[in-house]
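From first to last, the protein sequence lines stand for chains R and W. Position 40 (the first sequence) corresponds to 45 in the numbering used here; numbering is contiguous. Position 24 (the second sequence) corresponds to 126 in the numbering used here; numbering is contiguous.
Since the hints were derived computationally from the structure, they do not count as laboratory data. Take the hints with a grain of salt, since some may be wrong.
[Claimed, not checked] If we take Cβ atoms under 8 Å as the criterion, some of the chain W residues that face chain R in the derived model are:
#, residue
1, Gly145
2, Tyr148
3, Gly152
4, Lys154
5, Phe205
6, Gly208
[Unchecked claim] Calculated pairs, DSS-like style, for lysine-lysine (alpha carbon to alpha carbon, straight line, at most 25 Å):
#, chain 1, residue 1, chain 2, residue 2
7, W, Lys154, W, Lys171
8, R, Lys71, R, Lys19
9, W, Lys105, R, Lys46
10, R, Lys71, R, Lys47
11, R, Lys60, R, Lys46
12, R, Lys47, W, Lys105
[Unchecked claim] Computed spacing ranges between beta-carbons, pair by pair:
#, chain 1, residue 1, chain 2, residue 2, range
13, W, Val194, R, Gly66, 15 to 25 Å
14, R, Pro45, W, Leu182, 37 to 47 Å
15, R, Gly66, W, Asp113, 34 to 44 Å
16, W, Asp169, R, Lys46, 46 to 56 Å
17, W, Glu168, R, Leu104, 25 to 35 Å
18, R, Phe44, W, Val194, 22 to 32 Å
19, R, Ser20, W, Arg118, 46 to 56 Å
20, W, Val194, R, Leu31, 23 to 33 Å
21, W, Glu160, R, Lys71, 25 to 35 Å
The structure presented is a predicted model; accordingly, all values stated were derived computationally and were not measured. The beta carbon of each residue, even a glycine, is placed where N, CA and C say it ideally should be.
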Amino acid sequence: GAVVSQHPSRVICKSGTSVKIECRSLDFQATTMFWYRQFPKKSLMLMATSNEGSKATYEQGVEKDKFLINHASLTLSTLTVTSAHPEDSSFYICSALGLAGGSATYNEQFFGPGTRLTVL
Amino acid sequence: DAKTTQPPSMDCAEGRAANLPCNHSTISGNEYVYWYRQIHSQGPQYIIHGLKNNETNEMASLIITEDRKSSTLILPHATLRDTAVYYCIVRVGKETSGSRLTFGEGTQLTVNP
């Protein structure tokens, strides 16, 4: 259980175009999803917190008009990189908050496999 | 959330135990210690977490010092597939909905044949 998928796994686009990345919780409902970005040989940086049915909360320094997040259902959040530029090339990872544990359940983040974006 | 300090890299021989240290000297009483790992070009994978007692699961053991200022993740019999970046994260609560994870630089563990 607790599987999160991302689509596509890789995408190459031209500068100036927009790219949409999907994050799905396959076997559980997630009211909260997170989007991270990771540059080569660097750690994950939280970009935004996505809550179903409401506006996303962006971290400081992340442009909300450039990275559009939509969380329209309990199993799907999308990240759209608008007017992509080469500096947006990165590894984008989502996570979904779900229940974990056995006798004592708790909220835990389950991560997707990531999407490699290359902007030419 | 408390800051953590980990060595940037470690090596381990296949079949031997890998002991990964983490310092979290400013940890608060309500903060848990979490460990994740990230194999190259994949999403992070949860390993284990604990508050103050030592914990063990099918993947690893977590040893937390009595003063909770440091911990050690133990992979008892490392395999080549355990080569990854290991992140030690300290965060408030395990039941807080929407709780954030702040990733540091982690430790690159390389398991050698």
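So, going through the hints one by one against the coordinates:
1. Gly145: holds, 4 Å
2. Tyr148: holds, 7 Å
3. Gly152: With a closest approach of 13 Å, the W/Gly152 hint is violated.
4. Lys154: violated, 15 Å
5. Phe205: holds, 4 Å
6. Gly208: holds, 6 Å
7. W/Lys154 / W/Lys171: holds, 10 Å
8. R/Lys71 / R/Lys19: Since the Cα atoms of R/Lys71 and R/Lys19 sit roughly 16 Å apart, the hinted pair holds (cutoff 25 Å).
9. W/Lys105 / R/Lys46: holds, 20 Å
10. R/Lys71 / R/Lys47: Measuring from Cα to Cα gives roughly 22 Å; hence the hint holds.
11. R/Lys60 / R/Lys46: Distance ~31 Å between R/Lys60 and R/Lys46 Cα, so the pair is violated.
12. R/Lys47 / W/Lys105: holds, 17 Å
13. W/Val194 / R/Gly66: 15 to 25 Å: holds, 23 Å
14. R/Pro45 / W/Leu182: 37 to 47 Å: violated, 22 Å
15. R/Gly66 / W/Asp113: 34 to 44 Å: holds, 35 Å
16. W/Asp169 / R/Lys46: 46 to 56 Å: Check failed, 33 Å falls outside 46 to 56 Å.
17. W/Glu168 / R/Leu104: 25 to 35 Å: Given a distance of about 31 Å, which is inside 25 to 35 Å, the answer is holds.
18. R/Phe44 / W/Val194: 22 to 32 Å: The hint (22 to 32 Å, Cβ to Cβ) holds, given that R/Phe44 and W/Val194 are roughly 27 Å apart.
19. R/Ser20 / W/Arg118: 46 to 56 Å: holds, 48 Å
20. W/Val194 / R/Leu31: 23 to 33 Å: holds, 28 Å
21. W/Glu160 / R/Lys71: 25 to 35 Å: violated, 42 Å
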